[in-house]
Amino acid sequence: MSSTAAVAVHGVRAEHHELGFWRTYIFSEDHKMIGRQFLFMALFMMSIGGLMAMLMRWELAFPETQVPGFHWVPEPFMYDGAIPPNTYNAMFTMHATIMIFFVVMPILVGCFGNFLIPLMIGARDMAFPKLNMLSFWVGAVAGVILLSSFFVTGGPAAAGWTSYAPLSAVPIYTGVDWGQNLWCISIIVLGASSLMGSINYITTIINMRTRGMYFFRLPLVIWSLFITAILLLLALPVLTTAIALLLFDRLGGTHFFLPSGGGEPLLWQHLFWFFGHPEVYIMILPAMGIASDVIATFSRKPIFGYRAMAYAMIAIAFLSWIVWGHHMFVSGMDPVLGSSFMLTTMIIGVPSAIKTFNWLGTLYKGNIHYTAAMMNALAFVAMFVIGGLSGIWMACTPVDMYIHDTYFIVAHIHYVLFGGSLFGVFAGITYWYPKMFGRMMNEALGKIHFWITFVSFNCTFFPMHILGMAGHMRRIYNPQQYDFLKPIIPINEFISISAFVLGAAQFLLLANMIWSYFKGAEASENPWHANTLEWTTPSPPPHGNWPGPVPIVYRGPYEYSSPEVAEDFLPQSQLIEHSMDKAN
Amino acid sequence: MLEYLYFPHDISTYGPKIDWLFELIFWIVMVVWIAVMIAMVVFMIRYRARPGRKAEYIEGNSRLEIIWTTATAAILVVLAFMSRSTWADIKEHGPPGDVFYAVTGKQFNWEITYPGYDGKLGTKDDVTVENELHVPVNKVVRIDLTSKDVIHSFYIPNMRLRQDAVPGRIIHVWFEATETGQYEFPCSQLCGFGHSGMKGNLTVQSQEDFDKWLKDLYANPPAPAEGASPK
Chain F
1 MSSTAAVAVH GVRAEHHELG FWRTYIFSED HKMIGRQFLF MALFMMSIGG
51 LMAMLMRWEL AFPETQVPGF HWVPEPFMYD GAIPPNTYNA MFTMHATIMI
101 FFVVMPILVG CFGNFLIPLM IGARDMAFPK LNMLSFWVGA VAGVILLSSF
151 FVTGGPAAAG WTSYAPLSAV PIYTGVDWGQ NLWCISIIVL GASSLMGSIN
201 YITTIINMRT RGMYFFRLPL VIWSLFITAI LLLLALPVLT TAIALLLFDR
251 LGGTHFFLPS GGGEPLLWQH LFWFFGHPEV YIMILPAMGI ASDVIATFSR
301 KPIFGYRAMA YAMIAIAFLS WIVWGHHMFV SGMDPVLGSS FMLTTMIIGV
351 PSAIKTFNWL GTLYKGNIHY TAAMMNALAF VAMFVIGGLS GIWMACTPVD
401 MYIHDTYFIV AHIHYVLFGG SLFGVFAGIT YWYPKMFGRM MNEALGKIHF
451 WITFVSFNCT FFPMHILGMA GHMRRIYNPQ QYDFLKPIIP INEFISISAF
501 VLGAAQFLLL ANMIWSYFKG AEASENPWHA NTLEWTTPSP PPHGNWPGPV
551 PIVYRGPYEY SSPEVAEDFL PQSQLIEHSM DKAN
Chain C
1001 MLEYLYFPHD ISTYGPKIDW LFELIFWIVM VVWIAVMIAM VVFMIRYRAR
1051 PGRKAEYIEG NSRLEIIWTT ATAAILVVLA FMSRSTWADI KEHGPPGDVF
1101 YAVTGKQFNW EITYPGYDGK LGTKDDVTVE NELHVPVNKV VRIDLTSKDV
1151 IHSFYIPNMR LRQDAVPGRI IHVWFEATET GQYEFPCSQL CGFGHSGMKG
1201 NLTVQSQEDF DKWLKDLYAN PPAPAEGASP K
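Which chain is which? The protein sequence lines are F and C, in order.
First residue of the first sequence: 1, per my numbering; consecutive thereafter.
First residue of the second sequence: 1001, per my numbering; consecutive thereafter.
In short, the hints are calculated from the structure, not lab data.
Worth double-checking, as some hints may not be accurate.
To be verified - Far from chain C, some chain F residues (derived; all Cβ distances over 10 Å):
id	residue
1	Tyr-25
2	Met-54
3	Met-469
Unchecked claim - Covered by chain F, per the in silico footprint, the following chain C stretches (three or more residues, Cβ under 8 Å):
id	region
4	1023-1031
5	1068-1075
No experiment lies behind these values; they were computed from the predicted model shown.
Ideal Cβ positions, reconstructed from N, Cα and C, are used throughout, including at glycine.
Here chain F stands alone, though its shape is the one from the complex (with noise of 0.2 Å):
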């Protein structure tokens, strides 16, 4: 490790001078370029899982029906543009798939992480490059290997993302034979490469930082970011160990999951949500890292309680693992056992509440200014309020007993994964893209998408409460089918016309990242007065992050409108004289 880091102080920007294209942009050990990479295959997937919600939310809103401009999709994926069940079934299964694992995942963890690790706690780079590019191009393989899925007999996977057994153990269940394979594989390649990029993260905070960095010097996105990598460490393995099992009861004739055999199916979804939960909180975390830094830095003001806000990422981190009965309430699992786990469950509500009350500490008395990264933060924020609210009812047992595997979950997960995660995305992409690309973003742009974002997104997902109240089951490819659920035929419309917007508005956020990488304003070292250390170096940073000696820290991330300078806000390595005692 020492003499990683003495060669990063010293040689690395000679190194590099004579890198060609292959390794400058391609097999790249740059973090920076890295987590570049990582950003253009998630939003590259993001097109994909976009496209399936879409063509869901026609069938949905207009069963059985051929959808416009699809004619040419061969059979059997699709009839003269009619969705069949089967392909219905495949579509959620890879929207699940594709969002969780390859955008979300490789944007909060792979973009945000790789990029702002290094430059937030003064680093000249990862602690381990090579294994860095590693982790990126196993986790692109892992991304063809689930794209290949769609085009083997039998489509993808349709089993859900849960892929429950045995309904995912048995070829015949489903009718999908290599499909199903290839997801597992899929998922298990890109369990290797998310504990090479965990393993980076950890030894890189643990041992990398600058001078005066301590752990309660961290910015916050960097401490979710810490956390995070922690339990991606200890979750992964489980899940790969999950599904190799499935793997084995499917291509092995073993009888894990099958009780044909002496197996137990509620085995894999014990396994399967002891995964599963802390994944919840992978994916959000570190969009909670980030609306921290974004609010703190466009409210002018510290974060209000910074150790409280480490503590509560800390308690959920511990909680997650204690928490995941409550998606097999209604499994069969022992009642008794239920009760322990909604509980828990209650509990792990209180440190959520806690950031949301430090967040609005931190806007009381600031003095905000509206940029839409702002925007998207505060979103994040109002949005997480409803997805956290909207947990209780899933946490109390018997009313969970009625809107287990409704639209009021599938509410409830996007108000989390997209309102949350996703605003928080926004909120990053908006805020570190001149550092990342050199270039400003187009501020009006941003806001219009912002807006359209914002209310197409709440017109898409808050209905689905009341379809979920209703009692319109998850996974029905047909909801006029039930008598029952006839009254809401409008609200599935409005729904899914709302959902095409929101699917429509994204081509914003793509186009003013692509026009502001030509056209944009050229971005300064420090555009948004902020002062965490990746603004102390011009923008895009050079190899090696700074061109002259690495900085060193004498404060917490967040001194702004501090009393002790003029100015509204103070880098975290910026030196007073008078200062220095307080800083030891």
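Fit chain C to the supplied structure of chain F, relying on the hints for placement.
Below, chain C without anything else, positioned relative to chain F:
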């Protein structure tokens, strides 16, 4: 209130308790949500950036942290204990049964087994039909729930009842209908390409109508061949 939120009309004895908890959480959530939103919007308007102003340097407040942590924890823990008794009533110790059936999920139908003249399941005179579940009103119905192939979920929206049917396990569920009528009970766990549209018909009848229907069924049982062999 819940009817306005499209809740299906409740016809079970424990449904009102579940709906009451739903409403209780609804009001708690509404109060918290509105309070948070008002605070947020007021702060956003009042503390918007104006030239020449500087934000106030506030790092936090330990007393506030303690207050909102304990208040949130207290509300949530009390809610958990309040829910606990309803859950135990429904799931752990239900009343003794009046009528007994076996319900078996299979791709993509529900098999309903009636116990026959002897009133006992698992004997020769059991009669199995597909998707037609008839029960007497105001009687406790106890069901042995299982599945032949994949996991299905036995869901009666009007009863607020849901329980997964798991192959290799027999899970006991019970309900008591309070009104006669025709209702649907769909499968609510993804079970394959025929999942959508997999549903049974629940008929709640008066005791006389039910007895008559059952007598007819036992006199003319459907051919047993169908449904006996899963794939």
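Which hints from the list above does the structure break, by number from lowest to highest? 3
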